[in-house]
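Chemist: Each chain is listed here by its residues.
4 protein chains.
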Amino acid sequence: MNSIKRFGVSIESNLIDKFDRYIKSKNYTNRSEALRDLIRKELVGEEWLQLDKNAAGAIVLVYDHHKRELVDSLIDIQHDYHKIIISTQHIHLDQSICLEIVVVKGKINEIYKLESRLKSTKGVKHISLSKSTLAEDI
Amino acid sequence: MNSIKRFGVSIESNLIDKFDRYIKSKNYTNRSEALRDLIRKELVGEEWLQLDKNAAGAIVLVYDHHKRELVDSLIDIQHDYHKIIISTQHIHLDQSICLEIVVVKGKINEIYKLESRLKSTKGVKHISLSKSTLAEDI
Amino acid sequence: MNSIKRFGVSIESNLIDKFDRYIKSKNYTNRSEALRDLIRKELVGEEWLQLDKNAAGAIVLVYDHHKRELVDSLIDIQHDYHKIIISTQHIHLDQSICLEIVVVKGKINEIYKLESRLKSTKGVKHISLSKSTLAEDI
Amino acid sequence: MNSIKRFGVSIESNLIDKFDRYIKSKNYTNRSEALRDLIRKELVGEEWLQLDKNAAGAIVLVYDHHKRELVDSLIDIQHDYHKIIISTQHIHLDQSICLEIVVVKGKINEIYKLESRLKSTKGVKHISLSKSTLAEDI
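Residue numbers (our numbering), protein chains in the order written: chain A, -2 to 135; chain B, -2 to 135; chain C, -2 to 135; chain D, -2 to 135.
Treat the hints with caution; some may be incorrect.
All copies of an identical chain are treated as equivalent in the list; a pair is satisfied when it fits inside any one copy or across any two copies.
What the hints assert, rightly or not - Cut-off 27 Å, straight-line C-alpha distance, at most; resulting in silico cross-link-like pairs (BS3-like, lysine-lysine):
no. : residue 1 : residue 2
1   : K15       : K64
2   : K80       : K116
3   : K104      : K2
4   : K23       : K64
5   : K128      : K116
6   : K119      : K15
7   : K80       : K2
8   : K2        : K102
9   : K64       : K2
10  : K110      : K2
11  : K50       : K128
12  : K64       : K119
13  : K110      : K15
14  : K50       : K21
15  : K116      : K21
Bear in mind the hints are in silico, worked out from the structure with no lab data behind them.
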């Protein structure tokens, strides 16, 4: 069971004062909540260095759908990686530009490979990967 | 009209050889395509330093929906920022963990504020922001 | 005076167990020390978003000193910014390649300008900026 | 020999116009110089993903030298890694705060280990690693 543990922490008063101002500016309700966030952020960062671990995330693509055969190519690539793709959402940013969000869950090196395949497709203007987590034990 | 411009580039042979190996490993079909991607990546990076400019992106949240009142809080916050939210997609990662993708489009400082509000909500375990682009002129 | 404050923190047992393994793998001697580091890292990250604040750091340059007039140009630029440069250290990586470390202390936007000037100098192969801190109150 | 290769690049006019403005704002003298920098930045980024490759860089430490035994600990650690440390430079930021720059050259995973050892030393307030390059073939 995931009970709550309580323990004491010692921090220099200058540092904790400054952190308290940060906490307030970010709308945190208490120190524990803010510290938990810092811990999780660090741990998720570490997770993404281990290529054979599982993670979740989202690949955000921006492309021009007028580009010949681009949409077909993107669908082909995504099918090659269907095992790690949960869903794809599509937004029409303007007359020609599309924003597509590919939600992924699987081995980190597979996610990187998929990102690389999509990125190098002619017509894809920008790609960014949100490195998130399955939140197992965090 | 967005015509194609062709121009000459001079690069040391060692560097271009190494870049050609990189291009091949990333499945690019030619140098121009790879260079366009590097240029766009740099320009989008610069865009996100200008807080009053518009951009698009996705905020990826991971949270435990069992947490009391969390889902209500997240919906309330998202409504406060409905003008910059295009859509929200929800994935059930397991029995209790949710992955939510909030697609955003608007002023960059507003996007950061929304991120900050969501991040500090009790029960949100991780947040990551994909900094993408409206691809105007790029 | 910078006394030590002690306070209680509540964290889910799964998360703190995982953090304890992280702490051990990173050779930390206790949780407080690791938490202080996470807090400072976050606060320093925030500092660098405020362009008119003061900070310290190091700009690491790699260049080929055989490049005509490069060394003169770099010295000229550094003199233009002598008010924010504490010292410059020079390493001969091999027959032609130099690694130069410019230690800086001053307004963050001035540091960025100096970085930009050095980066665009013909012959500079790589530049990276270490964003550190004057450690006032942290 | 590292001769200069000249080749043609095709880029959409909107994108190259925007890039030209970027180039001007960054004081680049021509497109080739700016493109070379983008290529090298990308390649150096890739290098640092390969832990068994060699690289150069600088670890920037901030610490309070009044902390008991801290200076001794830092020297001990640095001696354990003397094979990858080229030199160490020390700046007195104020009465108690030191900025120390450890210039490193060696296997990337060794550099990371050294960083981790220094970071977890009690009294070290902040650490940042500048990921640079030996500039072999770039």
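Chemist: Next, verify each hint and record whether it holds.
Modeler: Evaluation of the provided hints:
1. Within a single copy, K15 and K64 get their C-alpha atoms only as close as 51 Å, which misses the 27 Å cut-off; across copies the closest is 21 Å, which meets it.
2. For the identical chains of this complex, K80 and K116 are intra-copy neighbours only, at 19 Å inside a copy versus 29 Å across copies, given an alpha-carbon limit of 27 Å.
3. For the identical chains of this complex, K104 and K2 are neighbours neither inside a copy (31 Å) nor across copies (40 Å), given an alpha-carbon limit of 27 Å.
4. Only between protomers do K23 and K64 lie at most 27 Å apart by alpha-carbon distance; the minimum there is 20 Å, versus 42 Å within a single protomer.
5. In this assembly of identical chains, K128 and K116 lie within 27 Å of each other by CA distance both inside one copy and across copies; the values are 16 Å within and 15 Å between.
6. With identical chains, the CA atoms of K119 and K15 are at most 27 Å apart between copies only, with a shortest distance of 20 Å across copies and 48 Å within one.
7. Taking the shortest alpha-carbon separations for K80 and K2, neither the intra-copy value of 37 Å nor the inter-copy value of 40 Å comes in at or below 27 Å.
8. Taking the closest pair of Cα atoms, K2 and K102 never come within 27 Å of each other, the shortest separation being 30 Å inside a single copy and 40 Å across copies.
9. Taking the shortest alpha-carbon separations for K64 and K2, only the inter-copy value of 17 Å comes in at or below 27 Å, while the best intra-copy value is 55 Å.
10. Taking the shortest Cα distances, K110 and K2 never come within 27 Å of each other, neither inside one copy (39 Å) nor across copies (31 Å).
11. In this homomeric assembly, K50 and K128 come within 27 Å of each other (Cα to Cα) both inside a single copy, at 13 Å, and across copies, at 24 Å.
12. Taking identical chains as interchangeable, the C-alpha atoms of K64 and K119 lie at most 27 Å apart only when both belong to the same chain, with a minimum of 8 Å there against 36 Å between chains.
13. Taking the shortest alpha-carbon separations for K110 and K15, only the inter-copy value of 20 Å comes in at or below 27 Å, while the best intra-copy value is 41 Å.
14. Proximity of K50 to K21 under the C-alpha cut-off of 27 Å is restricted to the inter-copy arrangement: shortest distance 20 Å between copies versus 35 Å within a copy.
15. In this assembly of identical chains, K116 and K21 lie within 27 Å of each other by CA distance solely across copies; the values are 13 Å between and 39 Å within a copy.
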